[in-house]
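Trainee: Each chain is listed here by its residues.
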Amino acid sequence: MNESGMQFGIFTVGDVTEDPTTGHTLSEHERITNILTIAQKVEEVGMEVFALGEHHNPPFIPSSPTTMLGYVAAKTENLILSTSTTLITTNDPVKIAEDYAMLQHVADGRVDLMMGRGNTGPVYPWFGKDIREGIPLAIENYALLHRLWTEDVVDWQGRYRTPLQGFTSTPRPLDGVAPFVWHGSIRSPEIAEQAAYYGDGFFANNIFWPKEHYMKLIGYYRQRFEHYGHGTAAQAIVGLGGQAFMAKNSQDAVKQFRPYFDNAPVYGHGPSLEEFTELTPLTVGSPQQVIDRYASMREYFGDYQRQLFLMDHAGLPLKTVLEQLDILGGEVVPALRKEFAKDRPADVPAAPTHASLVQKRVELVETSPANNA
Amino acid sequence: MTARRIAVISSGLSQPSSTRLLADRLTQAVERRLADAGVELTVDVIELRDLAHDITNNLITGFAAPKLEAALQTITTADGLIAVTPIFTTSYSGLFKSFVDILDPQSLTGMPVLIGATGGTERHSLALDYAIRPLFGYLHAVVVPTSVYAASSDWGSAEGALPERIDRAAGELAALIEQSDRSSQVIDPFALPEGFSPVGGYGAQ
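Protein chains in written order, with numbering that gives the first Met the number 0: chain B, 0 to 372; chain W, 0 to 204.
You may find that some hints are simply not true.
Taking lysine-lysine and the BS3-like style, the derived pairs with C-alpha atoms no more than 27 Å apart in a straight line are [what the hints assert, rightly or not]:
#	chain 1	residue 1	chain 2	residue 2
1	B	247	B	210
2	W	66	B	215
3	W	66	B	210
4	B	318	B	215
5	B	254	B	318
6	W	66	W	96
Below, a sample of chain W positions facing chain B; criterion: calculated Cβ distance under 10 Å [as the list claims (entries may be wrong)]:
#	residue
7	61
8	62
9	123
10	157
Ranges between beta-carbon positions, derived for each pair [to be verified]:
#	chain 1	residue 1	chain 2	residue 2	range
11	B	247	W	23	36 to 44 Å
12	W	43	B	58	50 to 58 Å
13	B	118	W	68	18 to 26 Å
14	B	74	W	43	53 to 61 Å
15	B	170	W	68	42 to 50 Å
16	B	342	W	96	45 to 53 Å
17	W	100	B	294	35 to 43 Å
18	W	69	B	287	43 to 51 Å
The set of hints was computed from the structure by calculation and includes no laboratory data.
Ideal Cβ placement from N, Cα and C applies to all residues, glycine included.
Chain B extracted, bound-state conformation:
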């Protein structure tokens, strides 16, 4: 990190999509190994975070994020491994507690995760859950996960899983500090409220909808963060998604990206590239255009802690993605760090890391009344 207090990185949904310019579709194996290559490239180009989605249906392949992240952990030195998102609704919170605490040990603390509810209807019934219970599942499951990481022995009873008596989740979190948690949501005030209650981070994917929508939700989260006594609204921990495609000459970027945009999963065959880049943070153009667009985000969302970019979807070939990461890490991110460092108030916290959370815990123990007695 740096004076900006910002972490930069990429997040991937892990789609296997036909390259519309060649008609070629990668095998699952090729796509999986490409994602592992991309993750390592993120560190190589000087960014901090690689976040992997979790899906249980084609054309998405990352069903087992900790397996892939464990591999990336072994191949990298400083990269923070994260998720985008971990399904807090359909996974057993006990298994999340175990898997990610294990990953945290394997990666020497370079782990955090982002909770999400998932957006594919059938995944709920496939895992024995009811989508209409999405919010209550996210609330209750996280309440249990939080306890499993902060209390050594847990007695627990809830609505959605079997009760626990005298349960200890192993391994215990590294250095007694749970991985930092972000909560991702695109429309639910309940999730913003939950993030604020725990003093956790809030992440707005900021990709599919106009920024004004996310501004309101983040504003609400900041206000509730302050309400729950974790600091001022400006000190809340905010992360944003984003999306860019670059070439030296902006017209080349548009020409090269257009077929991928037009055929992309989710928004393809809908609005034009021009409409979508105007309405959402997607920026297709020169590196300077991307710098200008993203440097302005703090004006809308306040000073924030984490910026992730979606760079590898819609069938873009590996070579292109790696070139994009070279531009992102080489030109865009260094410029953004400078921009974000300008006039950043000293009391706005830097993005949380394992080291910063350990430090915070030491301070808490030293100042607690029990310790003085």
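With chain B held as given, fit chain W onto it using these hints.
Mentor: What follows is chain W alone, placed relative to chain B:
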């Protein structure tokens, strides 16, 4: 003087459109009724044809472009709604239904609605009652008892049937609009459900 605001949606595709013509006739009739009752009425007319691309894009991307967002806002915060569609292939037009599909399903709860439809022949008139009325019923809107169907032949008829139906329906809608306070309500987009707890019902144990 009491002030009220209504929204009018017309999903006719041709220009000029008989669907818009019916929508205008219904609107004027409602205006007259409310003027008699001392109510000052603001009218916002929305031609779905002008929003057709944005409506399709919204179906695909899940978000409304600014012009469409403004239209949705205008409609859902009105004191009453006049909704008129041509009848295509036994039912409301696809554009009309696509627009209704992107409305928040809760956003028309309690909304006074007057439904109207146009068609080439009189034989489609029941589509109002078997297709359009249940659609708004599902959304918990309050649809007035009289719906108005105008076939091509109605526009050339000296008989009083169409103007009479328009006037009766307008009277029914005007009475509900007079009582409505929807346009002065402030809606909190962040209102949490009653009893919501960030730790859940059992989580704090």
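Trainee: Determine for every hint whether it applies to the structure shown.
Mentor: Evaluation of the provided hints:
no.	hint	in the structure
1	B:247 - B:210	holds, 26 Å
2	W:66 - B:215	holds, 19 Å
3	W:66 - B:210	holds, 16 Å
4	B:318 - B:215	violated, 37 Å
5	B:254 - B:318	holds, 17 Å
6	W:66 - W:96	holds, 18 Å
7	61	holds, 6 Å
8	62	holds, 4 Å
9	123	violated, 32 Å
10	157	violated, 49 Å
11	B:247 - W:23: 36 to 44 Å	violated, 55 Å
12	W:43 - B:58: 50 to 58 Å	violated, 43 Å
13	B:118 - W:68: 18 to 26 Å	holds, 21 Å
14	B:74 - W:43: 53 to 61 Å	holds, 59 Å
15	B:170 - W:68: 42 to 50 Å	holds, 49 Å
16	B:342 - W:96: 45 to 53 Å	holds, 51 Å
17	W:100 - B:294: 35 to 43 Å	holds, 38 Å
18	W:69 - B:287: 43 to 51 Å	violated, 33 Å
In this structure, the earlier hints numbered 4, 9, 10, 11, 12 and 18 are contradicted, and the remaining ones agree with it.
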